[in-house]
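Given the sequences, and given the hints that come with them, work out the whole structure.
Numbering (full-length UniProt numbering), first residue to last: 1 to 164.
Hints should not be assumed to be uniformly reliable.
Straight-line Cα separation of at most 27 Å, DSS-like style, residue types lysine-lysine; simulated pairs [claimed, not checked]:
hint	residue 1	residue 2
1	Lys-103	Lys-125
2	Lys-125	Lys-87
3	Lys-103	Lys-87
4	Lys-141	Lys-163
5	Lys-125	Lys-141
6	Lys-103	Lys-86
7	Lys-103	Lys-92
8	Lys-86	Lys-42
9	Lys-92	Lys-163
10	Lys-87	Lys-42
11	Lys-163	Lys-103
12	Lys-86	Lys-125
13	Lys-92	Lys-125
14	Lys-92	Lys-42
Since the hints were derived computationally from the structure, they do not count as laboratory data.
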Amino acid sequence: MANIVCRPIGDQFSDDVIQLILPIQQIEFGVPVTLEDQPDLKTIEAFYCQSGGNFWGAFDGDTLVGTIALINIGHQAGAIRKMFVKKEFRGKEFGIAQQLLGKLLTYSREQGIRDIYLGTVEQLKAAQRFYERNGFALIQKTDLPSYFPLMSADNMFYHLRLKN
1 MANIVCRPIG DQFSDDVIQL ILPIQQIEFG VPVTLEDQPD LKTIEAFYCQ
51 SGGNFWGAFD GDTLVGTIAL INIGHQAGAI RKMFVKKEFR GKEFGIAQQL
101 LGKLLTYSRE QGIRDIYLGT VEQLKAAQRF YERNGFALIQ KTDLPSYFPL
151 MSADNMFYHL RLKN
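Spelled out as structure tokens, the structure:
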């Protein structure tokens with residue numbers, strides 16, 4: 001059993017984040033997205049942290065095996081981005097996705113965020129089940145707030161109202 005540690009990360013981990021996320025997007029799930037489409041991966045601190053959001057990494061020793069990020073989009077709302085776990089570290093026995101989401105939700109409550117939104121793609125069935133198990137409701141794109149930062153690849157959307 002791996003000893004997984006989840007903690008906030010910054011720009012010094014950009015290369016590790018890119019090496020984790022791009023192969024999952026492009027190779028494993030065939031999502032037509034490039035590094036150029038995701039400049040935030042090179043400027044984690046400016047893109048996520050300066051607005052009151054954050055970016056977390058899950059580590060097995062020194063190896064980054066999972067990520068999740070929160071954009072504070074104002075209006076007491078946040079957007080989840082970059083939720084990825086390395087294939088060999090997925091599943092309940094590791095619980096990495098659950099730990100990462102827990103960190104994000106705790107942080108969100110501390111920041112006064114009441115509504116969490118996210119977009120995903122139809123191919124990511126396990127991710128959809130994970131969000132639904134965690135109380136997220138599938139919503140229509142038209143039900144997103146106008147200030148939600150859309151990603152061109154996303155075609156499914158979820159919302160969670162946080163309780164105190």
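Going through the hints against the structure:
no.: 1; hint: Lys-103 to Lys-125; in the structure: 23 Å, holds
no.: 2; hint: Lys-125 to Lys-87; in the structure: 14 Å, holds
no.: 3; hint: Lys-103 to Lys-87; in the structure: 21 Å, holds
no.: 4; hint: Lys-141 to Lys-163; in the structure: 23 Å, holds
no.: 5; hint: Lys-125 to Lys-141; in the structure: 18 Å, holds
no.: 6; hint: Lys-103 to Lys-86; in the structure: 18 Å, holds
no.: 7; hint: Lys-103 to Lys-92; in the structure: 17 Å, holds
no.: 8; hint: Lys-86 to Lys-42; in the structure: 19 Å, holds
no.: 9; hint: Lys-92 to Lys-163; in the structure: 25 Å, holds
no.: 10; hint: Lys-87 to Lys-42; in the structure: 23 Å, holds
no.: 11; hint: Lys-163 to Lys-103; in the structure: 15 Å, holds
no.: 12; hint: Lys-86 to Lys-125; in the structure: 16 Å, holds
no.: 13; hint: Lys-92 to Lys-125; in the structure: 16 Å, holds
no.: 14; hint: Lys-92 to Lys-42; in the structure: 30 Å, violated
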